[in-house]
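The listed protein sequences correspond, in order, to chains A and B.
Under the numbering used here, think of the first position of the first sequence as 378, with each following residue one higher.
Under the numbering used here, think of the first position of the second sequence as 385, with each following residue one higher.
Don't read these hints as lab results, they were simulated from the structure.
Note that the structure is predicted; figures quoted are calculated from it, not measured.
Built from N, CA and C at the ideal position, the CB exists for glycine as well.
Don't take each hint at face value.
Simulated pairs of lysine-lysine, DSS-like, Cα-Cα distance not exceeding 25 Å [as the list claims (entries may be wrong)]:
no.	chain 1	residue 1	chain 2	residue 2
1	A	606	B	512
2	B	521	A	620
3	B	505	A	606
4	A	606	B	424
5	B	537	B	451
6	B	521	A	494
7	A	494	B	443
8	A	621	B	521
9	B	512	A	445
10	B	512	A	441
11	A	496	B	536
12	A	606	B	561
13	B	482	B	536
14	B	555	A	444
15	B	536	B	449
Here are some, though not all, of the chain A residues that point toward chain B, as calculated from beta-carbon distances under 10 Å [stated by the list, open to error]:
no.	residue
16	403
17	415
18	497
19	517
20	525
21	529
22	599
23	609
24	611
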Amino acid sequence: MYKLLWSIGILFSVSVANSQEMVTIPEGVYSPFFKEEGETDVQIKSFELDVYPVTNQQFLNFVKSEKKWQSENVSPLFSETSYLSHWPAPDKIKDSQKKQPVVNVSWFAARAYCESKGKRLPTLNEWEHASEAQKKEVLDKILKWYSTPSSEVNDVGASKKSSHGLHDMHGLIWEWIEDFSSVIIVGDSRSTNKTSESLFCGAGALKSKRPDEYATFMRFAFRSSLTAKSSTKNLGFRCARSKK
Amino acid sequence: MKYIVFLLSILMAATTFAKSGHNGHKKHKHESLKASEPTKHSLFHLTSEWKTHKEKKVKFNNLEKKKSVMTMIFTNCASACPMLVSEMKDMQAQAKNKNINYYLFSFDTERDDPKQLTKFKNKMKLDKNWTLFHGNKSDTRELANVLGIQYKKTPDNNFIHSNVIFVLNEKGEIICKKEGLKPNVKECLKHLN
Numbered sequence: 378m379y380k381l382l383w384s385i386g387i388l389f390s391v392s393v394a395n396s397q398e399m400v401t402i403p404e405g406v407y408s409p410f411f412k413e414e415g416e417t418d419v420q421i422k423s424f425e426l427d428v429y430p431v432t433n434q435q436f437l438n439f440v441k442s443e444k445k446w447q448s449e450n451v452s453p454l455f456s457e458t459s460y461l462s463h464w465p466a467p468d469k470i471k472d473s474q475k476k477q478p479v480v481n482v483s484w485f486a487a488r489a490y491c492e493s494k495g496k497r498l499p500t501l502n503e504w505e506h507a508s509e510a511q512k513k514e515v516l517d518k519i520l521k522w523y524s525t526p527s528s529e530v531n532d533v534g535a536s537k538k539s540s541h542g543l544h545d546m547h548g549l550i551w552e553w554i555e556d557f558s559s560v561i562i563v564g565d566s567r568s569t570n571k572t573s574e575s576l577f578c579g580a581g582a583l584k585s586k587r588p589d590e591y592a593t594f595m596r597f598a599f600r601s602s603l604t605a606k607s608s609t610k611n612l613g614f615r616c617a618r619s620k621k
Numbered sequence: 385m386k387y388i389v390f391l392l393s394i395l396m397a398a399t400t401f402a403k404s405g406h407n408g409h410k411k412h413k414h415e416s417l418k419a420s421e422p423t424k425h426s427l428f429h430l431t432s433e434w435k436t437h438k439e440k441k442v443k444f445n446n447l448e449k450k451k452s453v454m455t456m457i458f459t460n461c462a463s464a465c466p467m468l469v470s471e472m473k474d475m476q477a478q479a480k481n482k483n484i485n486y487y488l489f490s491f492d493t494e495r496d497d498p499k500q501l502t503k504f505k506n507k508m509k510l511d512k513n514w515t516l517f518h519g520n521k522s523d524t525r526e527l528a529n530v531l532g533i534q535y536k537k538t539p540d541n542n543f544i545h546s547n548v549i550f551v552l553n554e555k556g557e558i559i560c561k562k563e564g565l566k567p568n569v570k571e572c573l574k575h576l577n
């Protein structure tokens, strides 16, 4: 009987460690940074977003049950050699890494993780809206972070909660979004490179509405430099869920 | 006594036979499974489901195991897409190997249903070697990302997208990639001979 209670207790604590707290992000209007001709502000429906980025511990639990996402098994279609390269072994992490956000994960892997939890990656518009990156005080903080060379990654949750109840949207890591590959800067009107123009169909001129927002530009430039199998040591993710 | 020994030996023989038979079967099954497993770089790893212009549901792993040429388009595209398709038609005309499939995957998850794809296929006079595919938003994004194709929907429901044509071998691996809208298809053509 004690044994039974004990195992229920273990099961319960494991499931708590596995589950992620989420908060509801209220609906709102997001004004896209790069606007197409005729593109207007976007109405964003209320949705749920993980409070913290996904940690190494959580991702470890995931690859233990979905072995095809372990670094020794993962298809090169979905990953690069740097995939989970900060872990000491394909199914092991250091104690100090447990609460740190998982990095060195590809878009495919991040997506598979969220799917396994019945969630998805946030879209660009959702992420930008939830991050409140257009608020003056947030912007200052971001600029400060962008200009500091990255050192050791902190644990998640060390920074102050945002007004939406989120931690670490800025200041810890960059995060994957579902439609990162819709950020097309190559065909920019400033580019005089004719060959890159012929790579794209349609009007390739994407103009920034607010050139003063250097931080936002940095974020978009970074996204446009990624491919879905990229993994870098400062890029992680968190999951979102549409409201029923 | 003799009788019992005889019976026992028959029993033993029978079990060993059954065992070896079972083992043999297992081994065989395992091997055939391995043979159909996609190679490391094969697109057949993708588990997404698509609908063809003939309303047939398919996965990458169900595609015919022959060479193919593929790209991503949307059928309402006024400028580059017809060019992409006519480039692929040129490749088909110049290819010495006539046993090649030609695949078009649509970005337009909303408008390019099988009916619309069939209309486009007829309009562009694409023969029986061509198949057009339509999928959901998430699978379309995944395929584009595997191929490294960037795309964005514009306010007027069109798509800005990169123009790339791929040649795939029988195993579903990309063996040639042609970027941009230039008439120079020679590099990839040599794979179609």
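Evaluation of the provided hints:
1. A:606 with B:512: 34 Å, violated
2. B:521 with A:620: 18 Å, holds
3. B:505 with A:606: 33 Å, violated
4. A:606 with B:424: 14 Å, holds
5. B:537 with B:451: Violated. Residue 537 of chain B to residue 451 of chain B sits at ~31 Å, over the 25 Å cutoff.
6. B:521 with A:494: OK: residue 521 of chain B and residue 494 of chain A at ~19 Å, within 25 Å.
7. A:494 with B:443: 24 Å, holds
8. A:621 with B:521: Roughly 19 Å separates the two Cα atoms, so the pair holds.
9. B:512 with A:445: 37 Å, violated
10. B:512 with A:441: 45 Å, violated
11. A:496 with B:536: Answer holds: residue 496 of chain A to residue 536 of chain B is near 23 Å, not above 25 Å.
12. A:606 with B:561: Holds, because 18 Å separates the two Cα atoms, which is no more than 25 Å.
13. B:482 with B:536: At roughly 34 Å apart (the allowed maximum being 25 Å), residue 536 of chain B and residue 482 of chain B break the hint.
14. B:555 with A:444: Holds, at roughly 23 Å.
15. B:536 with B:449: Violated, because 31 Å separates the two Cα atoms, which is more than 25 Å.
16. 403: 24 Å, violated
17. 415: Given a least distance of 4 Å, the restraint on residue 415 of chain A holds.
18. 497: Since chain B brings a Cβ to about 8 Å from residue 497 of chain A, closer than 10 Å, the hint holds.
19. 517: Where the cut-off is 10 Å and the nearest Cβ of chain B is about 30 Å from residue 517 of chain A, the hint is violated.
20. 525: Violated - the Cβ of residue 525 of chain A stays beyond 10 Å from chain B, reaching only about 30 Å at its closest.
21. 529: 30 Å, violated
22. 599: Violated: closest Cβ of chain B sits about 14 Å from residue 599 of chain A, beyond 10 Å.
23. 609: With a minimum Cβ separation of about 16 Å from chain B (threshold 10 Å), the hint on residue 609 of chain A is violated.
24. 611: 20 Å, violated
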